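Counting in our numbering, the sequence shown runs from 3 upward without gaps.
Hints were generated in silico from the structure; no laboratory data involved. The model shown is predicted, which means the values in this text are computed figures rather than measured ones. Among the hints, a few may not be true.
Taking lysine-lysine and the BS3-like style, the derived pairs with C-alpha atoms no more than 27 Å apart in a straight line are [claimed, not checked]:
id : residue 1 : residue 2
1  : K295      : K96
2  : K78       : K295
3  : K78       : K96
4  : K246      : K295
5  : K78       : K91
6  : K384      : K246
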Amino acid sequence: MALEITRIETTEFAYPLEDVGSDEGFNLAYEPGTTTERRLFAIEIHTDGDPVGKFVGGNSPAFAQIHEVADYLVGKDPLRRERHWSEMKRALRKYDRMGIGPVDIALWDLAGNHYDASISELLGRYRDRLPAYASTYHADDNGGLDSPEAYAEFAIECAEMGYGGFKIHGWGGNDENRDVDREVATVRAVGEGAPDEMDLMIDPACEYETFADALEVGRACDEQDFFWYEDPFRDGGISQQAHKRLRQRIDTPLLQTEHVRGLEPHVDFIASEATDSLRADPEYDAGITGAMKLAHAAEGFGADVEIHSPGPAQRHCMAAIRNSNYYEMALVHPDCDNTAPPIYQEGYDDQLDTIDDDGTVPVPDGPGLGVDYDWEYIEAQKTGGRLYE
Numbered sequence: 003m004a005l006e007i008t009r010i011e012t013t014e015f016a017y018p019l020e021d022v023g024s025d026e027g028f029n030l031a032y033e034p035g036t037t038t039e040r041r042l043f044a045i046e047i048h049t050d051g052d053p054v055g056k057f058v059g060g061n062s063p064a065f066a067q068i069h070e071v072a073d074y075l076v077g078k079d080p081l082r083r084e085r086h087w088s089e090m091k092r093a094l095r096k097y098d099r100m101g102i103g104p105v106d107i108a109l110w111d112l113a114g115n116h117y118d119a120s121i122s123e124l125l126g127r128y129r130d131r132l133p134a135y136a137s138t139y140h141a142d143d144n145g146g147l148d149s150p151e152a153y154a155e156f157a158i159e160c161a162e163m164g165y166g167g168f169k170i171h172g173w174g175g176n177d178e179n180r181d182v183d184r185e186v187a188t189v190r191a192v193g194e195g196a197p198d199e200m201d202l203m204i205d206p207a208c209e210y211e212t213f214a215d216a217l218e219v220g221r222a223c224d225e226q227d228f229f230w231y232e233d234p235f236r237d238g239g240i241s242q243q244a245h246k247r248l249r250q251r252i253d254t255p256l257l258q259t260e261h262v263r264g265l266e267p268h269v270d271f272i273a274s275e276a277t278d279s280l281r282a283d284p285e286y287d288a289g290i291t292g293a294m295k296l297a298h299a300a301e302g303f304g305a306d307v308e309i310h311s312p313g314p315a316q317r318h319c320m321a322a323i324r325n326s327n328y329y330e331m332a333l334v335h336p337d338c339d340n341t342a343p344p345i346y347q348e349g350y351d352d353q354l355d356t357i358d359d360d361g362t363v364p365v366p367d368g369p370g371l372g373v374d375y376d377w378e379y380i381e382a383q384k385t386g387g388r389l390y391e
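Make the full structure from the sequences, and use the hints.
In structure tokens:
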């Protein structure tokens, strides 16, 4: 007999980030003595049988969209993921569709529990360990990543730990801090200081205000043989024409589409020659189903796909993708912890020291996502939630 979804439960909770504040430009940055509260969500999909699907992640807009589709899912067969993905895509057509991600990941977790197999096994696992790169917090003026030299020193430290790549999230915040000369100096300091074998990247996170700024930093990346250059423009990383113009003028490969939603716009970015590789994220890009569609589309163009941010779902996706280079260990800093929530039981983590000596992380091999959540912590930090049945 087919399984049937009997209820869906969502939980909002909060957790603290110690010694982390803001740079006045919406970027997280090192700030000793400051505690920033982050809000996160959990979703549980229950059935009339034994398997349950669970996922912790996502943001408030995404979970507001779940409210639009939850009633549709109750009473349906949870194993018909492709059908549900298609229906949710249409239902959320007036929005960015980020609400699909948490639901789809939870459905994959449920399927793994049903079949007693990991998600990467269900996808067709390509590899067991994932090479990681260190992806930094944004710059600060508080004695952490507060100078080009500090970034260079941290890059060397990460290389000595085993990381094969290092990515700069540089100077943001107010107009005084948003200085392209300091950004260029950081690119050069890291390029000259890091070991030759370390791949280097930069993600301005859409800080640059002019094409000239983006071009100047891009040419500095060319001088230092950077591995990729990501989201420079204030447009939010969505203009195909702007990135095509930039791509024509620099040699460093562009990595775009973190802020583009949907399969078709991602494909349009490649077809328009506006990027060299695609960004994909199972939380942002309509779940594991959506992220794998992007990976296969990129493969058809002979392009790579780089998975955004750390997490169990991200690890399972990357484990099943041939055309991907690095797992993003983010956000890391020499003086404060990663932004990952303290929600996992023993056996899983995403911190600076999580990698092995070869700079890799494992793929969880238990059923579904293969992680055990600390539900006592989540319930203790609960700030809200909804039940659909």
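A quick look at each hint next to the structure:
1. K295 - K96: holds (21 Å)
2. K78 - K295: Roughly 23 Å between the alpha carbons, so the hint for K78 and K295 holds.
3. K78 - K96: Holds, at roughly 23 Å.
4. K246 - K295: Status holds; Cα separation ~23 Å.
5. K78 - K91: Within the cut-off at roughly 16 Å; holds.
6. K384 - K246: violated (45 Å)
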